[in-house]
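Peer 1: For reference, the chains in residue letters:
Number of protein chains: 2
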Amino acid sequence: MKLIVVTGMPGSGKEEFLSVARSMNIPFVRMGDVVREYHSKSGTSMDVGEFATSERNTLGFNIWAKRCMERMSGNVFLVDGCRSPEEIKSFKGLTDDVIVVAIHTSPKIRYERLLLRARSDAPSTVDEFNARDAREMGWGMSDVISLSDEMIVNNDTLKKFHRNAKKLLKAMI
Amino acid sequence: MKLIVVTGMPGSGKEEFLSVARSMNIPFVRMGDVVREYHSKSGTSMDVGEFATSERNTLGFNIWAKRCMERMSGNVFLVDGCRSPEEIKSFKGLTDDVIVVAIHTSPKIRYERLLLRARSDAPSTVDEFNARDAREMGWGMSDVISLSDEMIVNNDTLKKFHRNAKKLLKAMI
Chain X
0 MKLIVVTGMP GSGKEEFLSV ARSMNIPFVR MGDVVREYHS KSGTSMDVGE FATSERNTLG
60 FNIWAKRCME RMSGNVFLVD GCRSPEEIKS FKGLTDDVIV VAIHTSPKIR YERLLLRARS
120 DAPSTVDEFN ARDAREMGWG MSDVISLSDE MIVNNDTLKK FHRNAKKLLK AMI
Chain Z
0 MKLIVVTGMP GSGKEEFLSV ARSMNIPFVR MGDVVREYHS KSGTSMDVGE FATSERNTLG
60 FNIWAKRCME RMSGNVFLVD GCRSPEEIKS FKGLTDDVIV VAIHTSPKIR YERLLLRARS
120 DAPSTVDEFN ARDAREMGWG MSDVISLSDE MIVNNDTLKK FHRNAKKLLK AMI
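Chains as they are written, first to last, in numbering that gives the first Met the number 0: chain X, 0 to 172; chain Z, 0 to 172.
FYI, nobody ran anything at the bench for these hints, they're computed from the structure.
One thing to keep in mind: the hints can contain errors.
To be verified - Straight-line C-alpha distance at most 25 Å; calculated SDA-like pairs for lysine to any residue:
1) X:Lys13 <-> Z:Asn154
2) Z:Lys166 <-> X:Lys91
3) X:Lys169 <-> Z:Lys159
4) X:Lys91 <-> Z:Thr124
5) X:Lys166 <-> Z:Lys159
6) Z:Lys88 <-> X:Pro9
7) Z:Lys91 <-> Z:Ala130
8) X:Lys107 <-> Z:Met171
9) Z:Lys169 <-> Z:Asp95
10) Z:Lys166 <-> X:Asn163
11) Z:Lys91 <-> Z:Val33
12) X:Lys88 <-> Z:Arg134
13) Z:Lys88 <-> X:Glu135
14) Z:Lys107 <-> X:Lys158
15) Z:Lys91 <-> X:Glu135
16) X:Lys88 <-> Z:Asp126
17) Z:Lys1 <-> Z:Ser44
18) Z:Lys169 <-> X:Pro9
19) X:Lys107 <-> Z:Leu93
20) Z:Lys165 <-> X:Pro106
21) Z:Lys91 <-> X:Ser105
22) X:Lys158 <-> Z:Lys159
23) X:Lys107 <-> X:Pro9
24) X:Lys158 <-> X:Met23
25) Z:Lys169 <-> X:Asp155
26) X:Lys169 <-> Z:Asp32
27) Z:Lys88 <-> X:Pro106
28) Z:Lys107 <-> Z:Lys169
29) X:Lys159 <-> Z:Asp155
30) Z:Lys159 <-> Z:Arg118
31) Z:Lys13 <-> X:Asp155
32) Z:Lys13 <-> Z:Gly137
33) Z:Lys13 <-> X:Asn163
Claimed, not checked - Quick look at which bits of chain Z chain X covers, simulated, 3 or more residues with Cβ under 8 Å:
34) 103 to 109
35) 132 to 144
To be verified - Beta-carbon label-pair distances, calculated as ranges:
36) X:Gly59 <-> Z:Ala130: 34 to 42 Å
37) Z:Arg35 <-> X:Lys1: 44 to 52 Å
38) X:Lys1 <-> Z:Met23: 35 to 43 Å
39) X:Leu58 <-> Z:Met23: 51 to 59 Å
40) Z:Asp126 <-> X:Ser53: 33 to 41 Å
Positions of the beta carbon are idealized from the N, C-alpha and C atoms, including for glycine.
Sequences and hints are given; from them, build the entire structure.
Peer 2: Quick look at the structure:
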């Protein structure tokens, strides 16, 4: 069983990568979804972030990696939303075959795409965008990216990105 | 005048990138060479690292960026050895047109290549290799990489890397 961990700065194209995986019937889970699911079931008054930390403190740092892996199926499984080198270590401690795939897009293009996407959590100013980047880097995301096993560049067209993502995933399954 | 700042983890292929630039007659400077040059001229008893910091404290944080830029010539100029986001800011404060190019190679392949290269500063164990990576990331190098404008992946053959490097540089000059 191969575990593919997808990472990338906000707006780099992780969702598009997941949509390619979906089209190839590769199962995946978003760490954030797992956390939110447990959070809403718990009936706690803590917010999601506090709850995630509290569960880590009570049940072990790797609790969210464990809960993601309970969802694993098939020969290849994809996890999205892993931010820190410590989280990568959690996965590597639970299974042998972990591959980290990073998606890189220049800050300029990421900013433009986030504005176009206009999701509720999209930044409305460059300062907000930079603050969000800084927050992700504060978790150690840039270390995860810099030490990734594979890197896909997404500065070009969506079509080209889809082709490259497909090629990479095909070589892995 | 366009300034291209090249970055990448140890063993990622920066030297090969510079050799491609050299073949295209693009002038370049290595920050480390500039520091070492000033260090040996100074006759100080400090080591190179201490001297670099002392000059920064006396003459301003951007002193090494300034001294690199004094070497600039032509329409396009390349700087190697920039480790931190603060150093990138120094360059951006001195000239408008700064492009950060990162080279990415997986840790596994970087380690193998460093062993093959067997330069005097090559790591002899995985622990040494990881410690060196950690040192570079401690300077903020992974933030520079993750926020780069361009990214070249160097997990394949040298020939392919040379071709991609040439293509990128051609588009810039």
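Peer 1: Would you mind marking each hint as holding or not holding in the structure?
Peer 2: We went through each hint and held it up to the structure:
1. X:Lys13 <-> Z:Asn154: Since the Cα atoms of Lys13 (chain X) and Asn154 (chain Z) sit roughly 21 Å apart, the hinted pair holds (cutoff 25 Å).
2. Z:Lys166 <-> X:Lys91: Roughly 37 Å separates the two Cα atoms, so the pair is violated.
3. X:Lys169 <-> Z:Lys159: With Cα atoms ~21 Å apart, Lys169 (chain X) and Lys159 (chain Z) stay inside 25 Å; holds.
4. X:Lys91 <-> Z:Thr124: Roughly 20 Å separates the two Cα atoms, so the pair holds.
5. X:Lys166 <-> Z:Lys159: Distance of about 17 Å is within 25 Å: holds.
6. Z:Lys88 <-> X:Pro9: 22 Å, holds
7. Z:Lys91 <-> Z:Ala130: Judged against 25 Å, a Cα distance of about 30 Å means the pair is violated.
8. X:Lys107 <-> Z:Met171: The hint holds at about 17 Å.
9. Z:Lys169 <-> Z:Asp95: 20 Å, holds
10. Z:Lys166 <-> X:Asn163: Holds, at roughly 18 Å.
11. Z:Lys91 <-> Z:Val33: 19 Å, holds
12. X:Lys88 <-> Z:Arg134: 19 Å, holds
13. Z:Lys88 <-> X:Glu135: Holds, at roughly 20 Å.
14. Z:Lys107 <-> X:Lys158: 30 Å, violated
15. Z:Lys91 <-> X:Glu135: 23 Å, holds
16. X:Lys88 <-> Z:Asp126: 16 Å, holds
17. Z:Lys1 <-> Z:Ser44: 37 Å, violated
18. Z:Lys169 <-> X:Pro9: Measuring from Cα to Cα gives roughly 29 Å; hence the hint is violated.
19. X:Lys107 <-> Z:Leu93: 20 Å, holds
20. Z:Lys165 <-> X:Pro106: 23 Å, holds
21. Z:Lys91 <-> X:Ser105: 16 Å, holds
22. X:Lys158 <-> Z:Lys159: 22 Å, holds
23. X:Lys107 <-> X:Pro9: Holds, at about 12 Å.
24. X:Lys158 <-> X:Met23: 16 Å, holds
25. Z:Lys169 <-> X:Asp155: Holds. Lys169 (chain Z) to Asp155 (chain X) sits at ~17 Å (cutoff 25 Å).
26. X:Lys169 <-> Z:Asp32: At roughly 44 Å apart (the allowed maximum being 25 Å), Asp32 (chain Z) and Lys169 (chain X) break the hint.
27. Z:Lys88 <-> X:Pro106: Within the cut-off at roughly 15 Å; holds.
28. Z:Lys107 <-> Z:Lys169: Violated: Lys107 (chain Z) and Lys169 (chain Z) sit about 30 Å apart, past 25 Å.
29. X:Lys159 <-> Z:Asp155: 19 Å, holds
30. Z:Lys159 <-> Z:Arg118: 23 Å, holds
31. Z:Lys13 <-> X:Asp155: Within the cut-off at roughly 23 Å; holds.
32. Z:Lys13 <-> Z:Gly137: 19 Å, holds
33. Z:Lys13 <-> X:Asn163: 24 Å, holds
34. 103 to 109: As far as the region 103 to 109 of chain Z goes, the hint holds, because 4 residues have Cβ atoms under 8 Å from chain X.
35. 132 to 144: Check passed, 6 qualifying residues.
36. X:Gly59 <-> Z:Ala130: 34 to 42 Å: 27 Å, violated
37. Z:Arg35 <-> X:Lys1: 44 to 52 Å: The hint (44 to 52 Å, Cβ to Cβ) holds, given that Arg35 (chain Z) and Lys1 (chain X) are roughly 45 Å apart.
38. X:Lys1 <-> Z:Met23: 35 to 43 Å: 40 Å, holds
39. X:Leu58 <-> Z:Met23: 51 to 59 Å: Because 56 Å falls inside the window, the suggested range holds.
40. Z:Asp126 <-> X:Ser53: 33 to 41 Å: Because 34 Å falls inside the window, the suggested range holds.
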